[in-house]
Amino acid sequence: MSTVLEVRNLVKEYPGLTAVAGISFFVEEGSCFGMLGPNGAGKTTTVEIMEGIRSASSGEILYRGKPIGADFRNEAGMQFQSTALQDHLTVRESLQLFRGFYKRRADLDELIEICSLEQLLDRDNRKLSGGQRQRLLLAIALVNDPKILFLDEPTTGLDPQARRNFWDLIEKIKKRRTTVLLTTHYMDEAYILCDTIAIMDHGKIIAHGSPESLLKEHFSDVVIELPREDFTVSPTSLPWTVHQKIDSVEILVASVSETLARLLELGVSIDRIKIRPRNLEDLFLELTGTELRA
Amino acid sequence: MIARILAILHARNIEFLRDRSALGWNILLPVLLVVGMGVIFSGDGRSMFKVAVLQQSPGIDLTAHRFLQTRFIDFYAVGDLDDALAKLSRHQMDMLISPADQPPQYWVNESSPKGYMLEKLIAGTGSSDFIRGTVSGSAVRYVDWLLPGILGMNMMFSCLFGVGYVVVRYRKNGFLKRLKATPLTPFEFLTAQVLSRLVLIMGLTAMVFAGTSYLIDFKMSGSYLALFVVATLGATSLISTGLLVAVRTASEELAGGLLNMISWPMMLLSGVWFSLEGTPKYVQDIAGLFPLTPLLKAARHIMLDGAGLAEVLPQVAQLAAMTIVLLAIGAWLFRWQED
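These protein sequences, in sequence, are chains A and B.
Read left to right, the first sequence gives residues 1 to 294 (the numbering used here).
Read left to right, the second sequence gives residues 295 to 633 (the numbering used here).
These aren't lab readings, by the way, just hints derived from the structure by calculation.
Where is the CB? At the ideal position from N, CA and C, for every residue including glycine.
One or more hints might be untrue.
Quick list of simulated restraints, FRET-style, between CB atoms [claimed, not checked]: (1) A/Glu118 - B/Tyr518: 34 to 40 Å; (2) A/Pro15 - B/Glu547: 20 to 26 Å; (3) B/Leu562 - A/Ala70: 42 to 48 Å; (4) B/Asn307 - A/Lys245: 55 to 61 Å; (5) B/Ser507 - A/Glu110: 49 to 55 Å.
Residues from chain B that face chain A, not an exhaustive set, calculated with beta carbons under 10 Å [what the hints assert, rightly or not]: (6) Arg312; (7) Glu404; (8) Glu413; (9) Phe469.
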C-alpha cells in the first residue's frame with residue numbers, strides 16, 4: 001500500500017499552549033486511520049492542519065508526496081465536528097451547493113442512497129435530527145467522490161442506534177477503497193472501523209499501530225469482572241491486580257482457570273462473573289493513567 | 295471558477311428570498327419612509343432659513359448689510375452666481391443675496407414658501423434698497439429632493455448590514471470554515487456575495503422606485519441608464535464597504551458597532567435628509583469620503599436636473615475608484631476564520 005498522507009514533526013503552538021507537540025505519522029491509501037484521545041488532546045487541531053484549515057507552527061504535511069494544495073482540496077472530503085450550513089436551504093440544495101464547488105463530482109442519486117437521504121431531500125436542513133444531520137454532513141463530505149475522507153468525531157452526540165447506522169455507512173465507504181481519517185473518543189468505534197490508530201494525549205502520540213497489535217503488545221491478561229457485593233475477600237490477599245469500581249470489581253489475570261479455581265476456594269460466588277479481553281479503553285487507562293472521557 | 299461563484303450566488307439568493315421577514319422589511323421600510331416623509335415634509339419641514347451670500351471671501355461680514363444681522367437665518371457664502379441660482383431653483387437654498395452690489399440684490403424662487411417669507415423679512419427690516427430677482431425652473435418639492443436620499447439610505451443599510459452581517463454570521467457559525475475546506479477561493483466567495491446583494495438590492499430598489507412613483511408622482515427628469523449605472527456602482531461601493539467590515543471578525547456585536555459607526559455619519563453627512571450647502575468645508579470633505587455622497591449627488595443631478603451619464607462622470611469615476619480600492623483591500627484582508 002502506498003502512503004497517501006504524511007505528517008512530519010507537526011507542531012502547533014498558541015500563546016501559552018502547545019496543542020500539537022511534534023508528531024509524525026503516515027496514512028496508507030485505502031486504510032482507515034483513527035486518531036484517539038480525550039477532549040483537548042490535540043486531535044482536532046492535528047486534523048484541521050492536515051485539512052489545510054489551520055496553519056502549523058512548524059512541520060510538514062505531504063499529500064501524495066507534495067505539500068497540500070489545489071489537488072488536495074479537490075480530492076479530499078471533510079466532515080467537521082460542528083458545521084453550520086447555509087440557512088433556508090433544503091437537503092438537496094445544500095448538496096447541490098457543495099457539489100457546485102468541485103470538478104470531480106459523485107453521482108448525486110447514489111450519494112443520496114448511500115447516506116439514506118431519500119426521504120429528507122426537500123426538508124430544510126435546520127429541521128433535521130442529530131443523526132439525519134450527520135448523514136447530510138457526510139453526504140456533503142462525499143460530494144466530490146473523495147479519495148481521502150476526514151471525519152472529525154462524526155458520532156459524538158448520536159444515540160447508540162444512530163451511531164451503529166453511521167458505522168455501517170463508513171464500512172460502505174471503506175469498501176470503495178476511500179482512505180478514511182477518523183478522530184473519535186469512542187474506543188469501540190475506533191476498534192470496529194480503524195485499521196491503524198494513533199492515541200494522542202497532551203499533543204503527543206503515545207501509541208501507534210493496529211488495534212490488535214497494540215492490545216497484544218501491551219496486554220497478555222484478561223479482565224474478570226464481578227459484582228461488588230459478590231467479591232467478599234480482601235483485594236490485598238490476592239496475587240492479582242484488582243480495580244475496585246462503584247458497582248463492580250475488575251481483576252486482571254493471565255490465567256482464567258487458575259483464577260476461577262482460587263476464587264472458588266475462597267468461597268467467592270462466580271455465578272454473575274464476566275470475562276472480557278482487554279480493550280482500547282484499558283490501553284488508554286494504562287498509558288495515561290486517566291479515563292479516556294474524563 | 296464561474297461554476298463555483300454561481301453555486302454560492304444561487305444558494306445565497308435562495309437564503310435571502312426565503313427569509314421572508316427580512317425580505318418584507320427590506321421592501322416595506324423604504325416605502326413607509328417615502329410615504330411618511332412625503333406627508334410630513336409636504337411643505338418644507340426645516341425651521342431654519344438658508345440664505346446664500348454672494349461674495350468671494352468665505353467669511354461673512356455681518357456689517358455689510360443690516361439684513362445679515364437677522365437672527366435664526368443661516369447665512370453662508372457662495373462664490374459663483376450661476377451655480378447659486380441653479381441651487382436656488384432646486385430649493386437647496388431659500389434665498390441668494392448680494393449685499394456688496396450697488397444697489398444690493400436678492401433672488402428668490404417664486405415657488406418657494408420660505409423665499410416668500412424671507413422677502414417679507416427683508417421688507418420688515420426696512421431693507422428696501424434691495425433689487426428683487428427671481429429664478430425660474432420647475433419647482434422641486436422636498437419629497438422630490440428627499441426620494442433619492444431615502445432610496446440611497448435604504449441601499450446603504452441593505453448593502454452594509456446585509457453583506458457585513460451575513461459574512462460575520464457565516465464566520466461565527468463555522469460555515470466559512472466549511473467553505474475553506476472546498477476549492478472555493480476568497481475572491482470567488484466575495485464576488486458571489488457582491489453579485490448576490492447587488493442583484494437583490496437593484497431589484498428591490500427598482501420595485502420601490504416603481505411603487506413610490508405610483509404613490510407619489512416624484513420628479514425623474516434624466517436618463518434611466520445613467521441612474522442605473524450610478525445606482526449599480528453606488529451599491530457595489532457600499533457592498534464593498536460592508537465586506538471590509540466583515541473581513542476578519544467573528545463577533546456580530548463588533549461588526550454591528552463598526553457598521554453603525556460607518557452608517558450613521560453617512561446617513562447624516564452624505565446629504566440624505568438635508569443639503570450640505572452651507573456646512574463647513576471640513577464636513578463636506580469628510581462627507582466626500584463616503585460612497586453615499588457621490589451616489590446621492592449624481593442621482594439627484596440625474597433625477598432633478600435631467601443630467602445624463604456624461605454630466606455625472608466625475609461621481610461615476612469616484613464610485614468606481616472607491617469600489618476597486620475597497621474590494622482590493624477587502625480581498626487582501628479577508629480570512630475564512632481565525633487561525
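Exercise for the section: Against the structure, test the hints numbered earlier, and report the numbers of the ones violated in rising order. Expected result: Hints 1, 7 and 8 not satisfied by this model.
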